[in-house]
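Colleague: The listed protein sequences derive, respectively, from chains A, B, C and D.
Following the numbering used here, the numbering of the first sequence begins with 1 at its first residue and continues without gaps.
Following the numbering used here, the numbering of the second sequence begins with 1 at its first residue and continues without gaps.
Following the numbering used here, the numbering of the third sequence begins with 1 at its first residue and continues without gaps.
Following the numbering used here, the numbering of the fourth sequence begins with 1 at its first residue and continues without gaps.
Calculated from the structure, these hints are not laboratory results.
Cβ coordinates follow ideal geometry from the N, Cα and C atoms, glycine included.
A couple of the hints might just be wrong.
To be verified - Pairs of lysine-lysine residues, derived as BS3-like cross-links and limited to a Cα-Cα distance of at most 25 Å, are as follows:
1) K57(C) - K47(A)
2) K57(A) - K47(C)
3) K57(C) - K47(C)
4) K47(A) - K57(A)
5) K47(A) - K47(C)
6) K57(D) - K47(D)
7) K57(D) - K57(A)
8) K47(C) - K57(B)
9) K57(D) - K57(C)
10) K57(A) - K47(D)
11) K47(B) - K47(C)
12) K57(B) - K47(B)
Claimed, not checked - Selected chain C positions facing chain D (Cβ under 8 Å, derived; list incomplete):
13) V34
14) Y51
15) L66
4 protein chains.
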Amino acid sequence: MHREHTGRRRNDAARQDILDAAAALIADPGGQPVTVDAIAARAGVGKQTIYRWWPSKYAVMLDALLERARVDVVDEGDGTLLGDLTAFLVSSFAGAERPGGRAFLSTVAALAQTDPAARDLLQQFTSRRREALRTLLQRHGVAEPDLMVEQAYGVLWYRLLVSGTPLDRDSAERLAALLTLQADRRPSTVDQFDEGARN
Amino acid sequence: MHREHTGRRRNDAARQDILDAAAALIADPGGQPVTVDAIAARAGVGKQTIYRWWPSKYAVMLDALLERARVDVVDEGDGTLLGDLTAFLVSSFAGAERPGGRAFLSTVAALAQTDPAARDLLQQFTSRRREALRTLLQRHGVAEPDLMVEQAYGVLWYRLLVSGTPLDRDSAERLAALLTLQADRRPSTVDQFDEGARN
Amino acid sequence: MHREHTGRRRNDAARQDILDAAAALIADPGGQPVTVDAIAARAGVGKQTIYRWWPSKYAVMLDALLERARVDVVDEGDGTLLGDLTAFLVSSFAGAERPGGRAFLSTVAALAQTDPAARDLLQQFTSRRREALRTLLQRHGVAEPDLMVEQAYGVLWYRLLVSGTPLDRDSAERLAALLTLQADRRPSTVDQFDEGARN
Amino acid sequence: MHREHTGRRRNDAARQDILDAAAALIADPGGQPVTVDAIAARAGVGKQTIYRWWPSKYAVMLDALLERARVDVVDEGDGTLLGDLTAFLVSSFAGAERPGGRAFLSTVAALAQTDPAARDLLQQFTSRRREALRTLLQRHGVAEPDLMVEQAYGVLWYRLLVSGTPLDRDSAERLAALLTLQADRRPSTVDQFDEGARN
DNA sequence: CAATAAGCGAGACGGTACGTCTAGTCTTATA
DNA sequence: TATAAGACTAGACGTACCGTCTCGCTTATTG
């Protein structure tokens with residue numbers, strides 16, 4: 001591996017190599033724990049170059065994870081709530097199930113439980129998709145968009161972190177259908193009737 | 001701290017002291033990472049006494065966490081789906097928000113991402129409440145009880161692990177209401193057709 | 001290599017192995033600088049065991065050097081000043097030229113220029129022989145024993161540290177002869193004349 | 001600090017600043033080890049400017065030390081061996097005791113134990129004075145000039161590197177007297193008488 | 001007078017060693 | 001004979017320093 005020196009300017013190729021190495025080791029640690037020395041060695045970089053730019057091993061790992069999350073998924077439905085929601089959830093579930101995806105997301109979530117910086121970064125990179133979903137729901141006049149977002153992503157993270165159940169397409173579709181049921185009731189006359197019945 | 005020697009029999013007081021020490025350090029690590037030496041010192045115990053009974057640090061931590069989770073919550077509603085679900089979720093949310101609760105649950109979840117034993121134990125102690133909710137839902141003839149369980153616990157864990165939002169009573173009630181909406185649709189003709197198809 | 005554990009007591013076998021390893025690496029570094037990791041590896045010891053008992057790499061090296069210096073040389077002459085002095089210097093020179101000796105002595109002297117602890121230890125282990133020589137000289141009624149000691153050891157260290165000249169037996173004998181000349185003159189009239197001239 | 005650029009010619013002011021900085025840091029390291037970065041910073045110079053002109057840190061330090069040693073001491077006695085020798089040793093001792101002198105000499109000697117280049121340079125700058133002394137002794141017909149040179153410089157370096165004793169004027173005078181005693185005996189009839197007595 | 005060449009301050013870089021910390025194992029001494 | 005005490009091996013962590021490299025600037029020399 002050869003990399004051009006950039007003199008007194010930060011070497012972005014080295015930065016990228018470090019993040020790539022970290023990502024590769026997180027995705028497939030090969031039995032070994034992810035080590036700074038291992039990252040440095042795989043990136044062909046001195047350890048100090050890592051510590052010059054990141055405050056700790058976890059910061060590097062998070063950055064690597066973030067980098068990976070930047071791949072944006074565009075998902076368009078058919079304009080109905082059910083169609084849009086289904087498209088969104090299917091693509092979200094699929095995104096988490098890409099190769100290495102579970103390892104990445106569960107690692108970052110585990111880090112976030114301990115490291116405040118990790119917590120911030122986790123928030124930051126979840127918020128983008130969360131906002132997208134919220135906007136989608138609001139476009140359709142859903143009454144409790146926030147709680148519905150939490151249910152949707154709740155299922156996703158629950159499977160990732162707690163139950164380990166696969167995030168398959170069928171689940172996404174069924175979840176979309178259920179959430180649509182919640183939403184459909186609100187603006188219609190039926191909903192008002194229902195609410196009346198509930199009180 | 002003084003503890004009676006029990007000779008050649010396993011000293012259960014020591015066992016309890018160890019779990020208490022671990023629990024205390026997990027609940028409030030005071031900036032320091034939770035260390036075996038710290039647990040041993042706080043429990044007034046030799047390290048070997050810990051390793052005699054638990055295979056690893058994580059096992060001790062998990063045991064301490066489990067101990068805490070054993071406090072069972074009984075929650076009875078008014079017999080309607082909405083009432084029972086609300087009672088269940090309110091008590092679940094409240095349980096997670098007991099002092100030290102967030103720290104416990106997020107710690108055990110973080111451990112589970114790495115340690116297979118932790119994963120098993122996490123499953124084991126989540127499954128009890130999960131089953132309770134499932135039974136509740138089935139008693140009310142809900143169509144997709146599994147997915148609804150995941151939605152409910154998804155919101156709980158999502159707030160614990162990802163967003164950090166508080167698990168307040170109001171959220172529990174609103175969530176119960178939304179989930180009830182999903183379920184209420186079931187007796188429609190489409191639903192019945194659907195159910196028929198499934199059976 | 002196998003070494004018995006000694007439980008909660010310091011393992012003296014490990015101590016010895018560490019010192020031996022350090023000594024071996026100092027005597028023949030094989031091109032590589034003497035490293036704590038290398039010492040630990042060669043001794044079959046964790047690094048922490050070194051740092052538990054010595055404050056720094058140099059402390060270990062010095063201790064290893066001291067250990068080596070403890071080999072006492074007994075040197076008896078024929079009872080005349082020349083004979084005793086010759087025996088003493090020949091054995092001292094020979095001692096410094098034992099295998100690894102130059103490396104040992106020059107290393108410790110180099111360390112002493114920087115490290116206060118090294119300075120103390122160097123003093124300590126030179127003082128024994130220095131005192132022996134001083135006693136020898138006083139037994140023969142030499143007038144300036146201290147300055148003669150410094151000349152004798154001066155030549156030894158000068159060759160070790162500055163010129164690199166070998167400390168051969170012939171030089172020791174000639175040096176003894178010269179120093180004897182200094183001493184012999186003392187009671188003579190010429191000396192008294194000389195002293196008078198100096199004042 | 002401002003220094004004129006000299007364009008594509010070597011900047012001798014920078015050279016001098018580097019040597020001065022090195023000398024100052026050697027003379028008073030202030031607890032810190034002497035570092036290339038520290039030298040560069042104190043000299044207001046980029047590190048590359050140091051490495052462009054010297055092959056290693058030790059080369060810079062030695063150059064700084066040499067620079068300082070270039071101050072030549074002229075020492076003339078009264079033409080007798082005792083007088084000339086006294087003058088020479090007194091001035092040599094005084095030279096070593098100039099401010100910063102001990103730090104300089106002990107540093108260079110320590111370096112010489114490790115670095116071959118340092119060894120060469122140490123030889124080189126000691127040889128000048130050593131030769132001067134040798135010439136002086138030969139002029140007076142001394143029999144073992146080489147060994148006497150070593151005795152004289154041996155005492156000097158021994159005090160510098162090993163014992164730390166001050167190199168005061170009185171010691172120099174007494175050493176000169178002792179060495180004169182050695183020398184006086186050789187060419188005279190008294191010496192022959194003595195030698196006969198010794199055998 | 002433009003083009004080129006080299007020295008320079010700055011500081012990032014690869015590499016190596018340091019000294020610290022923790023996990024988990026082992027033995028002694030205590031009660 | 002189970003326990004506390006704590007030394008032990010192993011190995012990762014984050015820091016320090018060396019010597020190399022390039023950038024962007026400045027000045028002297030060349031065409």
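Colleague: Please go over all the hints and tell whether each is borne out by the structure.
Modeller: Structure-based check of all given hints:
A distance of roughly 22 Å separates the Cα atoms of K57(C) and K47(A); the hinted pair therefore holds under the 25 Å criterion. Between the alpha carbons of K57(A) and K47(C) the distance comes to roughly 23 Å, so the proposed pair stays at or under 25 Å and holds. Our distance criterion of 25 Å between C-alpha atoms is met by K57(C) and K47(C), whose separation comes to about 10 Å. The suggested pairing of K47(A) with K57(A) holds, with an alpha-carbon distance near 10 Å, which does not exceed 25 Å.
Of the pairs offered as hints, the one joining K47(A) and K47(C) holds, with about 20 Å between alpha carbons and a cut-off of 25 Å not exceeded. Distance hint between K57(D) and K47(D) is fulfilled; the C-alpha atoms sit about 10 Å from each other, no more than 25 Å. For the hint linking K57(D) to K57(A), the alpha-carbon distance of about 32 Å lies beyond 25 Å, and the restraint is violated. As the CA atoms of K47(C) and K57(B) are separated by approximately 23 Å, the hinted pair is consistent with the 25 Å bound.
The hinted pair formed by K57(D) and K57(C) meets the criterion: a straight-line CA distance of about 22 Å does not exceed 25 Å. A threshold of 25 Å between alpha carbons decides the hint, and for K57(A) with K47(D) the separation of about 29 Å lies outside it, so the pair is violated. In summary, the hint linking K47(B) to K47(C) is supported, as the alpha carbons are separated by about 21 Å, within the 25 Å threshold. Distance restraint check for K57(B) and K47(B): the Cα-Cα separation of roughly 10 Å lies within the 25 Å cut-off, and the hinted pair is therefore satisfied.
Proximity of V34(C) to chain D is violated relative to the hint, the smallest CB-CB distance being about 11 Å (cut-off 8 Å). Nearest Cβ of chain D to the Cβ of Y51(C): about 19 Å, over the 8 Å cut. The hint is violated. A hinted interface residue such as L66(C) counts as satisfied when its beta carbon comes closer than 8 Å to some beta carbon of chain D; here the least separation is about 15 Å, so the hint is violated.
The structure does not agree with the numbered hints 7, 10, 13, 14 and 15 stated previously, though it agrees with the rest.
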